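Heads up: the protein sequence lines correspond to chains C and G, in order. Counting in this note's numbering, the first sequence runs from 954 upward without gaps. Counting in this note's numbering, the second sequence runs from 752 upward without gaps.
The hints are simulated quantities; they were obtained by calculation from the structure and are not laboratory data. Since this is a predicted model, take the numbers as computed values, not measurements. For glycine and all other residues, C-beta sits at the position ideal for the given N, C-alpha and C. Check each hint, because a few of them may be wrong.
[Stated by the list, open to error] Here are the simulated distance ranges between beta carbons:
(1) Y1156(C) / V1013(G): 30 to 40 Å
(2) V1005(G) / F1064(C): 21 to 31 Å
(3) P1213(C) / V1005(G): 32 to 42 Å
(4) D1120(C) / T799(G): 39 to 49 Å
(5) T984(G) / I978(C): 40 to 50 Å
(6) W1107(C) / A762(G): 22 to 32 Å
(7) W977(C) / L1012(G): 31 to 41 Å
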Amino acid sequence: MAPGAATPASPRPARQRNRTLWFWIFVGPFAAGLILFTYVPLAWSVYLSFFDAHNTVSPTDFVGLDNYTAMLGDPSFRAALLTFAVFTAFIVPATYALSLGLALAVNRLRFAQAFFRSVFFLPTACSYVVAALVWKLSIFNGVRFGLANTVLGWFGADQIAWLSTTDPPWYWLVIVTVRLWLQAGFYMVLFLAGLQRVPPQLYEAAAVDGARPGWQTFRYITFPALRATSVAVVLLLVIGAFQAFDEFYNLLSDARGYPPYARPPLVYLYYTALGQGQNLGLGSAGAVILALIIAVVTVAQARWFGLGGKDEKAV
Amino acid sequence: MNDALVRAGRALRLVLLIALAALFLIPFYLLVRNGLASEEEITAPGWTFFPGELRWSNLRELFADPNVPMAHALLNSTLIAVATTVGTLLLASLAGYGLARIPYRHANAVFYAILGTLMVPAAVTFVPTFVLVSSLGWVSTLRGLIIPTLFSAFACFVFRQYFLGFPRELEDAAQVDGLGYWRTYWRVVVPNSRPVFAAVGTIVFIGAWNAFLWPLVIGQDRDAWTVQVALSTFTTAQVVNIHELFIAAAVSIVPLLLVFLVLQRYIVAGVERSGIDD
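If we strip away everything but chain G, and leave its shape as in the complex, we get (with noise of 0.2 Å):
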């Protein structure tokens, strides 16, 4: 009786997040499924699940239409999440090195002056920043863009959990071996570091890619403008080509899930080792 009792609770259980996630998906069925629809049949009165018809040609108009500069903000969202990930890689794990492993008398006062920085969150200095950056004369510049979002307290202070508990011996071995703290660290602590350099820079490529106050701030130019802003500028706009509107998010997102798909295990490891949730 017991047994039944808990056998329809699990059955229960599987039926319920079998509909969430139907519920779950159904926005990136929608975005599909609008993307390769006409015109007519997004805006149609009434819905249906199924477009009548599949219309690849919608990716070809989007990359050959002259108002909508699909192509190039590809390019500089491109360029802004590798520089972005490469380079709060490099700069976060250095600094989380330095303060986990290299003793120093004020290694905690640096590390508290960082840490509160979390505590204001990015958002609010956009103000600021946007007066220092167009004091500098890169509004509207890749530089802009990418430089003032390099130094993530968050990615430092994940690297410095991770280095904490990273094994003694191996880093004992090679001071005996005479390296320094230089070679070290390229030569012992990165390479045995793989998985935790994959999960920050996964995090940072998709906060990078997916950014839109600061890219709507300072990409005040078209040339300027990332994915994020050229889809912005297609919704407040008086829209015209909705499907295409709905086929350039399609195509926004593709690049992500493929990092996603790849590397999602190390994002969940990651979470787990950051500390944030202990």
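This is chain C alone, in the form it adopts within the complex (with noise of 0.2 Å):
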């Protein structure tokens, strides 16, 4: 991450418009297609929301701020800000314990290494879509059957309507435990990295000291030396759990729709900008806010946790 990537450049003049000619050649194309499909659009896209788009993108009655108003002063959305938010406590937690777990059990095993890191890697190449399907037709399928009712039923509880009850609402361990299942090898990957940059020394040091192997050398060594990666983890796991949608779209809605409960930011803003309305204003302007709360959590978190800084490793 080191910013001098440049050496210092020939004083001559046509060496260096040769290489500036020769940068471009190389960045621009890549440079132009991101300008394109990414800054084009979020400037499109603040530029639509002051206006009362439906089904155009080339609207002409301004309202102003209206769009914000109504979509800050809309329950529904301020509902899916909250799922998100609850959601990233489950989600966030749970990937972080278990894809860490992962990784110090399986680092230290003699053999059968490769194999246990490839099973809890596979399911990484799962699509969230696949994965669903498996949850809500298989698993945690309704009443009738399913492999979580079974298991019930061997220990004689009753059982549950997983998808479709909201009180309790079951629906949340279907959620957290398909995502879970489909990120922690990646983040264990990351961990097993991490461990490895660990210098052996400082777990013989701390075994002249007399600390014991387990708890406390995990305490005072391990977690410590992983810092970086921790954050990097946590960083990538909130702004993954904001892009919370396959799994909510996939397991939630059936043919009679989309439940009202439980829908995150996207997935409510998928059905207000495309769905039968194609509010484009209104769901431009939602974009925007969740872009603004997006930049602003980020940049609490790096500053929280001293990104940014000199000691900036971990992006």
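Put the complex together from the two separate chains, hints included.
The following block contains the structure:
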């Protein structure tokens, strides 16, 4: 991440111009695409958010901040933000703990390490659509069949309508476990990479000082040494949670539509902007609000963890 | 005594790992089990580990079903995933190399402008990007499904970090031989960087194959459906042929499992080198 990628430029202007040309030949196509498909849409979205834009991308009715006040005053949008917050509160600690635990367990295996690593990493190759299908129609199916209810039956417990009851909200268990299964392996690999870089001398020194292997070593050596990895993992997990769409959409919607509860922001925006009404102005206002929230949360988190300072290492 | 404790701890950990590994594999097993069972058996009250009979005919039924554009969706997904992978590798590796190795006064500003887009999760831009793509008339076209996804700041970042660590001696030798940036890149740098291309390529391929939101938004016509969108329309519709749905889902992960098993070690190495964990 050291910024000094470029070596000092040659003093000869002609050669320097030549280098500038080559720089843009290499970087130009990528940069142009990023401008066209990220920066331009963002600007356009800001523009659209000030207009009444139903079914059109070139609206004429300027409405000022009406879309923003409508969006912020909309109980459904606020509920969507709350859904995201609750989801994050469940999924981030759960994934963090499971992936770190898996990494610690796999890291010190003397044999079959590659086997276990592959097994835990394998779900990364599965899509949310496929996983949601297995969760919805095979594991957490309704009362008639399904693995979870069969297992509960062995213990004499009552069957549960996992996805169709909101009180108690069993659907949270379904939504959280599917993502946990899909992403824990990826973060386990990040932690494994981090563990490999802990200097062995630290453990030797700790042993000399009388630290017992196990909890003490973890508490005073391993965990602090993984700090940079932990910061990156938490940042990635939170940003990933903001993007939650696939599992909500695939687990909860059916032929009757999408239930009003448990809509994270993206699902809500999807239905606002591209659903029946195609209200692109309102949807854009929501996207801008969401982008601002994400930027604030990310920056606050980075500050909190001391990123962006001199010891910046993670992205 | 202490030794016995340590050994008991190790045994416990192994048992725990085996149990967890079994839990992690169950969903894959269910996919195959249900894909090869009959509809009655999947929906029967109570659940059995083995289906009564393995019905390989489900596979034939799936591809013969006129209501399910499975073959077409597989073709779309393949075209999209291959094109996205090739395009991303080309664009992002060139940009990464330029940023890492070609001296330019504003290189860092350009780099941060690229990196900044990582802060905005791609999914947040789907409304505005849809607006742009629809005004270009690209809705329900392969162009619309592929081109907007080609510019991965993450891939560019990984390549830049990798090329910063690439041994300069090799390039210096090439420069002495009179090769310019372009030929040095293709003849010296790329051939010596296969693992990072394999790692990024695998991650991009998996992402493109599994992408859902963008294909759902853009692939509005049936002809433009990807495998994921086709599967999803199954689950959100009144499901009739549930065994077909499961065999379709099982078929949809086969290409990825193959890519994955062959290239897995590169993914792990790629993640370790990308710098995101450091």
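Going down the list of hints, with the structure as the test:
For the hinted restraint 30 to 40 Å between Y1156(C) and V1013(G), the CB-CB distance of approximately 35 Å keeps it satisfied. At about 29 Å, the beta-carbon gap between V1005(G) and F1064(C) stays in the expected band of 21 to 31 Å. Here the CB-CB span from P1213(C) to V1005(G) is close to 37 Å, well matched to the stated 32 to 42 Å. Restraint check, D1120(C) to T799(G): a C-beta distance of roughly 32 Å breaks the suggested window 39 to 49 Å.
Separation of T984(G) from I978(C) is about 43 Å and conforms to the stated range, judged on CB atoms against 40 to 50 Å. A C-beta distance of roughly 27 Å is found between W1107(C) and A762(G), which places it inside the suggested range of 22 to 32 Å. In this structure the supplied range 31 to 41 Å holds for W977(C) paired with L1012(G), their Cβ-Cβ distance being about 40 Å.
Going through the hint list in order, the structure does not satisfy hint 4, though it satisfies all others.
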